[in-house]
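Chains A and B, in that order, give the protein sequences.
Residues 0 to 453 (numbering that gives the first Met the number 0) are what the first sequence spells out, left to right.
Residues 0 to 320 (numbering that gives the first Met the number 0) are what the second sequence spells out, left to right.
For the record, the hints were derived by calculation from the structure and aren't laboratory data.
Watch out, some of these pointers could steer you wrong.
[As the list claims (entries may be wrong)] Keeping only pairs whose Cα atoms sit at most 27 Å apart, straight-line, the calculated BS3-like set for lysine-lysine is:
#1 B:Lys296 with A:Lys243
#2 A:Lys260 with B:Lys318
#3 A:Lys281 with B:Lys183
#4 A:Lys281 with B:Lys298
#5 B:Lys230 with B:Lys256
#6 A:Lys314 with A:Lys407
#7 B:Lys318 with A:Lys46
#8 A:Lys15 with B:Lys318
#9 B:Lys296 with A:Lys245
#10 B:Lys318 with A:Lys281
#11 B:Lys307 with A:Lys255
#12 B:Lys218 with A:Lys255
#13 B:Lys183 with B:Lys230
#14 B:Lys3 with A:Lys281
#15 A:Lys245 with B:Lys307
#16 A:Lys96 with B:Lys307
#17 A:Lys96 with B:Lys146
#18 A:Lys96 with B:Lys298
#19 B:Lys296 with A:Lys255
#20 B:Lys3 with A:Lys260
#21 A:Lys245 with B:Lys298
#22 B:Lys142 with B:Lys183
#23 B:Lys298 with A:Lys260
#24 A:Lys15 with A:Lys46
#25 A:Lys321 with A:Lys359
#26 B:Lys189 with A:Lys281
#27 B:Lys142 with A:Lys243
#28 B:Lys318 with A:Lys243
#29 B:Lys307 with A:Lys243
#30 A:Lys255 with B:Lys3
#31 A:Lys359 with A:Lys383
#32 A:Lys321 with A:Lys255
#33 A:Lys255 with A:Lys281
#34 A:Lys255 with A:Lys328
#35 B:Lys142 with B:Lys218
#36 B:Lys146 with B:Lys230
#37 B:Lys296 with A:Lys96
#38 B:Lys318 with A:Lys245
#39 A:Lys6 with B:Lys183
These numbers were taken from a predicted model, which means no experiment stands behind them.
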Amino acid sequence: MTDLAEKAVRATFAEKGKIAEMNVTALNHAYDYAEENLEGFKHRLEKTEIGEERLFLTGNQAVAMGKVLGGCRVQTYYPITPAADESEYLEAHQIMKTRGGEDEAIVVIQTEDEIAAINLASGAALAGARAATSTSGPGFSLMVEGLSWAGNNEVPLVITYYQRGAPATGLPTRHAQGDLRFVIHAGHGEFPRIVLASGDIQECFHDAAKVLNLAEKYQMPVIHLLDKAMANCSQTYPIFEYGKFKIDRGQLISEKELEGKEYNRFHFTETGLSNRVVLGTKNGVHWYTGDEHNEAGHISEEPLNRRLMVEKRMKKLELVEKEVPVEDKLNFYGDIYSENIVISWGSPKGAILESIDMLKREGFSLGFMQVRLIHPLPTEQVKKALGGKKRIIDIENNFLGQLGGIIKEATGIAPNYHILKYTGRPMTTTEVCDAIKAILTGKAPEREVLMFGS
Amino acid sequence: MALKPSDFRVPDIYADWCPGCGDFGIMNGLQMAFAELGLEPHQIAMVSGIGCSGKEPHNVKCYGVHTLHGRTLPFATGIKIANPHLEVLAIGGDGDGLGIGAGHFVNTGRRNLDMTYIIHNNGVYGLTKGQASPTLQREMQTKSLPKPNINEAVNPIGLAIISGYTFAARSYAFDVRHLKETIKQGIQHKGLAFIDCLQPCPTYNNIHTKDWYAGYDRKDENGKPRSRLYKLEEAGFDPNVRDWSEDFQKKVAALDKAREWGDRIPIGIFYKNELEPTFQERLANRIPFYMDRPPAKQKLCDENAFSKVDLTEFMEDLKTS
Numbered sequence: 000m001t002d003l004a005e006k007a008v009r010a011t012f013a014e015k016g017k018i019a020e021m022n023v024t025a026l027n028h029a030y031d032y033a034e035e036n037l038e039g040f041k042h043r044l045e046k047t048e049i050g051e052e053r054l055f056l057t058g059n060q061a062v063a064m065g066k067v068l069g070g071c072r073v074q075t076y077y078p079i080t081p082a083a084d085e086s087e088y089l090e091a092h093q094i095m096k097t098r099g100g101e102d103e104a105i106v107v108i109q110t111e112d113e114i115a116a117i118n119l120a121s122g123a124a125l126a127g128a129r130a131a132t133s134t135s136g137p138g139f140s141l142m143v144e145g146l147s148w149a150g151n152n153e154v155p156l157v158i159t160y161y162q163r164g165a166p167a168t169g170l171p172t173r174h175a176q177g178d179l180r181f182v183i184h185a186g187h188g189e190f191p192r193i194v195l196a197s198g199d200i201q202e203c204f205h206d207a208a209k210v211l212n213l214a215e216k217y218q219m220p221v222i223h224l225l226d227k228a229m230a231n232c233s234q235t236y237p238i239f240e241y242g243k244f245k246i247d248r249g250q251l252i253s254e255k256e257l258e259g260k261e262y263n264r265f266h267f268t269e270t271g272l273s274n275r276v277v278l279g280t281k282n283g284v285h286w287y288t289g290d291e292h293n294e295a296g297h298i299s300e301e302p303l304n305r306r307l308m309v310e311k312r313m314k315k316l317e318l319v320e321k322e323v324p325v326e327d328k329l330n331f332y333g334d335i336y337s338e339n340i341v342i343s344w345g346s347p348k349g350a351i352l353e354s355i356d357m358l359k360r361e362g363f364s365l366g367f368m369q370v371r372l373i374h375p376l377p378t379e380q381v382k383k384a385l386g387g388k389k390r391i392i393d394i395e396n397n398f399l400g401q402l403g404g405i406i407k408e409a410t411g412i413a414p415n416y417h418i419l420k421y422t423g424r425p426m427t428t429t430e431v432c433d434a435i436k437a438i439l440t441g442k443a444p445e446r447e448v449l450m451f452g453s
Numbered sequence: 000m001a002l003k004p005s006d007f008r009v010p011d012i013y014a015d016w017c018p019g020c021g022d023f024g025i026m027n028g029l030q031m032a033f034a035e036l037g038l039e040p041h042q043i044a045m046v047s048g049i050g051c052s053g054k055e056p057h058n059v060k061c062y063g064v065h066t067l068h069g070r071t072l073p074f075a076t077g078i079k080i081a082n083p084h085l086e087v088l089a090i091g092g093d094g095d096g097l098g099i100g101a102g103h104f105v106n107t108g109r110r111n112l113d114m115t116y117i118i119h120n121n122g123v124y125g126l127t128k129g130q131a132s133p134t135l136q137r138e139m140q141t142k143s144l145p146k147p148n149i150n151e152a153v154n155p156i157g158l159a160i161i162s163g164y165t166f167a168a169r170s171y172a173f174d175v176r177h178l179k180e181t182i183k184q185g186i187q188h189k190g191l192a193f194i195d196c197l198q199p200c201p202t203y204n205n206i207h208t209k210d211w212y213a214g215y216d217r218k219d220e221n222g223k224p225r226s227r228l229y230k231l232e233e234a235g236f237d238p239n240v241r242d243w244s245e246d247f248q249k250k251v252a253a254l255d256k257a258r259e260w261g262d263r264i265p266i267g268i269f270y271k272n273e274l275e276p277t278f279q280e281r282l283a284n285r286i287p288f289y290m291d292r293p294p295a296k297q298k299l300c301d302e303n304a305f306s307k308v309d310l311t312e313f314m315e316d317l318k319t320s
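Kindly produce the complete structure, drawing on both the sequences and the hints.
What follows is the structure, given as structure tokens:
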């Protein structure tokens, strides 16, 4: 009766035979007790035939694989939940195979604090390595000055940010989506950054590779925003396809292209993007500074230069908005022509998709817009998707409905319903489905707070 | 053709340090050391923090990275790890490296990367108008302090030695020849070299002035000033660790020398150990091709821009049926 469960227990304690047997005894004892004492107990574990090989992995592992694929070759971190498993997984898989070529390797550095982690990654990026750091809220708080430096110096830097319950130490091992506004605004002064949020573990993988391209192409920090519910939970997926992933290093130029030319790292251009040369390149000597700088990278406080430098940096965001394909910015699901639309981001995606299916079977029509590129927000496309809708339902794991607020600021269109949860527990399909149904049937207040989970 | 120190000057850049600032001496020492070592500007990355010293890289022709207050060492570490073939110099002030950046000072020592760290030590925060720095002794009251300094001083050489720096030396900004030689030895040292560079701050440190170091307040019977600085080498001090068995004694001797201050201040090399594996060697032990293909030199894609990485092994580990 308990064959499969016994097998699982033995596999879990494979190296501890005695403990395995003790647990199997306990399992059988409990099973027999239930069978004798509980009325109608007929529980049987059945094997599901899936007929294909699948991956069983966590978000941390998916991100690590995506980074390797995307060319990340220096990763820095300071231990923090729920981010650290990613870096440890990378270190365990430090040397990687390539298709018909020499092996490659990623160097993983555990630093003394998060301040060192971000700045060490910036240094590695300036020297020409694709570099990333991985953290959670308290760590990112310490990184903020470094983020500002990277923005000012147009450093291609990736920060993988796994949100957890906050403020302060908060609910350190639990889930939340409370840091969206923080990552969009973090850092003194005005500088461009990209914030991309994945909604499931498969997206974590693909986006982890893509953000490395975005960072180098647009020469700015990119925050890959994830959460605890994706970080440490395991899911099964079909084997990930990745053969078509291309590396785009943007305007990175080589020693050869520099020959006989004067080079300025921050040369003013139409797009705001200047040619980038890595430290150590012959004929390319240049400077970086946290101060405002001129085209060569030397300190300058001259008013016109200042104006042009601010504009140079900021207009790169327009380029991001223009060039990033819509399928990397927004995902649409369900009946997008319905008068009802759900907006969300990050890990509630799974519960929302399942709820839409369940509600459809009950005759309710509903669309779902998952926002992935949250900064810069694809304002026009969002406006188009939300215009004329009767019910806009914002679903988020936070108190403020942060995405809803950001969309309202950018488009003037506000969600009229909020389904929010900030207990530290992820959303479940049942409670999301019930909450949406209550709204669609006119039985819900404008703001519902979910509580499931102990 | 070998380059001259003047080839490391940056045209059209005006160094805005106060007249008489020790930073000029350090700038000259760096330019002379680079030229004498036969380095070319593109082979060097000079990383600095915030403070008057932070502007040093803007005045030397090589890759210059002027970073955040206290964060010189993490940036320098990242650069060196990504491309170990670069000659990396970290430059910082005493407040930068021993106050706000003290955590990095200690932890960088644990790695022993093959690079050189020079602290500009003048006892004050010059850029913010003369507050006490971590190297100012207790009860000293430099010009802009409202009250005498209430904190004890950090001992930079001592801290370097117990943190794992494998080369610890001191020099003086106005003995450019000695400084240049010390910088050269720091660069040539296999491992992490720390140089504590004493310098007067003519604007805010009215105690440890150029004349004070030169001993104008303590002339001999012929009226000749007796310098407070003396050279360890000339005093017969041997800082070199040739075998692990003598390491502890050498460290103790160096710490003892590092305590000297006041009327006799040693300059020169306090401690030198090339037996300790560098961080690059430690990495190469794990990644055999690290020095040939460090992170900055790996080819990420094939000729059609497709990522070269083969994830089969990763996926195999994660497969379930």
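Now for the hints, and whether the structure bears them out:
A distance of roughly 23 Å separates the Cα atoms of lysine 296 of chain B and lysine 243 of chain A; the hinted pair therefore holds under the 27 Å criterion. A hinted pair counts as satisfied when its Cα atoms are at most 27 Å apart, and lysine 260 of chain A with lysine 318 of chain B does not qualify at roughly 52 Å. In summary, the hint linking lysine 281 of chain A to lysine 183 of chain B is supported, as the alpha carbons are separated by about 22 Å, within the 27 Å threshold. Straight-line distance between C-alpha atoms of lysine 281 of chain A and lysine 298 of chain B comes to about 19 Å, which keeps the hinted pair within the 27 Å bound.
The hinted pair formed by lysine 230 of chain B and lysine 256 of chain B meets the criterion: a straight-line CA distance of about 11 Å does not exceed 27 Å. With a C-alpha separation of about 22 Å, the suggested pair lysine 314 of chain A and lysine 407 of chain A falls inside the 27 Å cut-off, and the hint holds. In summary, the hint linking lysine 318 of chain B to lysine 46 of chain A is supported, as the alpha carbons are separated by about 17 Å, within the 27 Å threshold. Using a Cα cut-off of 27 Å, the hinted pair lysine 15 of chain A and lysine 318 of chain B holds, with the two alpha carbons roughly 24 Å apart.
Annotation: proposed proximity of lysine 296 of chain B to lysine 245 of chain A holds, straight-line Cα distance about 18 Å (limit 27 Å). A hinted pair counts as satisfied when its Cα atoms are at most 27 Å apart, and lysine 318 of chain B with lysine 281 of chain A does not qualify at roughly 46 Å. A C-alpha spacing of about 24 Å is found between lysine 307 of chain B and lysine 255 of chain A, which places the hinted pair at or below 27 Å, so the restraint holds. Restraint check for lysine 218 of chain B and lysine 255 of chain A: not satisfied, since their Cα atoms lie roughly 61 Å apart, outside the 27 Å limit.
Of the supplied pair hints, the one linking lysine 183 of chain B and lysine 230 of chain B holds, its CA atoms being roughly 17 Å apart against a limit of 27 Å. Taken as a hint, the lysine 3 of chain B and lysine 281 of chain A pair is honoured in the structure, with Cα atoms around 18 Å apart against an allowance of 27 Å. A distance of roughly 9 Å separates the Cα atoms of lysine 245 of chain A and lysine 307 of chain B; the hinted pair therefore holds under the 27 Å criterion. Proximity of lysine 96 of chain A to lysine 307 of chain B is assessed by CA-CA distance (about 9 Å); at most 27 Å being required, the pair is judged to hold.
With a C-alpha separation of about 63 Å, the suggested pairing of lysine 96 of chain A with lysine 146 of chain B is violated against the 27 Å cut-off. Distance check on the hinted pair: lysine 96 of chain A and lysine 298 of chain B sit about 13 Å apart at the alpha-carbon level, within 27 Å; holds. Proposed proximity of lysine 296 of chain B and lysine 255 of chain A is supported: the alpha carbons are some 16 Å apart, at most 27 Å. Restraint check for lysine 3 of chain B and lysine 260 of chain A: satisfied, since their Cα atoms lie roughly 23 Å apart, inside the 27 Å limit.
Distance check on the hinted pair: lysine 245 of chain A and lysine 298 of chain B sit about 13 Å apart at the alpha-carbon level, within 27 Å; holds. Between lysine 142 of chain B and lysine 183 of chain B the alpha-carbon distance is near 34 Å, which puts this suggested pair outside the 27 Å criterion. About 25 Å separates the Cα atoms of lysine 298 of chain B and lysine 260 of chain A, which keeps this hinted pair within 27 Å; it holds. About 25 Å separates the Cα atoms of lysine 15 of chain A and lysine 46 of chain A, which keeps this hinted pair within 27 Å; it holds.
This hinted pair does not check out: lysine 321 of chain A and lysine 359 of chain A have alpha carbons roughly 35 Å apart, beyond 27 Å. Between lysine 189 of chain B and lysine 281 of chain A the alpha-carbon distance is near 25 Å, which keeps this suggested pair within the 27 Å criterion. Between lysine 142 of chain B and lysine 243 of chain A, the direct Cα distance comes to roughly 66 Å. Violation of the 27 Å bound is thereby established for this hinted pair. Proximity of lysine 318 of chain B to lysine 243 of chain A is assessed by CA-CA distance (about 21 Å); at most 27 Å being required, the pair is judged to hold.
About 11 Å separates the Cα atoms of lysine 307 of chain B and lysine 243 of chain A, which keeps this hinted pair within 27 Å; it holds. Distance restraint check for lysine 255 of chain A and lysine 3 of chain B: the Cα-Cα separation of roughly 25 Å lies within the 27 Å cut-off, and the hinted pair is therefore satisfied. Proximity of lysine 359 of chain A to lysine 383 of chain A is assessed by CA-CA distance (about 23 Å); at most 27 Å being required, the pair is judged to hold. Proposed proximity of lysine 321 of chain A and lysine 255 of chain A is contradicted: the alpha carbons are some 31 Å apart, above 27 Å.
Taken as a hint, the lysine 255 of chain A and lysine 281 of chain A pair is honoured in the structure, with Cα atoms around 9 Å apart against an allowance of 27 Å. The hinted pair formed by lysine 255 of chain A and lysine 328 of chain A fails the criterion: a straight-line CA distance of about 36 Å is larger than 27 Å. This hinted pair checks out: lysine 142 of chain B and lysine 218 of chain B have alpha carbons roughly 24 Å apart, not beyond 27 Å. This hinted pair does not check out: lysine 146 of chain B and lysine 230 of chain B have alpha carbons roughly 34 Å apart, beyond 27 Å.
Proximity of lysine 296 of chain B to lysine 96 of chain A is assessed by CA-CA distance (about 16 Å); at most 27 Å being required, the pair is judged to hold. Taking the CA atoms of lysine 318 of chain B and lysine 245 of chain A, the gap is about 25 Å. The hint holds against a cut of 27 Å. Taking the CA atoms of lysine 6 of chain A and lysine 183 of chain B, the gap is about 66 Å. The hint is violated against a cut of 27 Å.
Consistency with the previously given hints fails for numbers 2, 10, 12, 17, 22, 25, 27, 32, 34, 36 and 39, ordered from lowest to highest.
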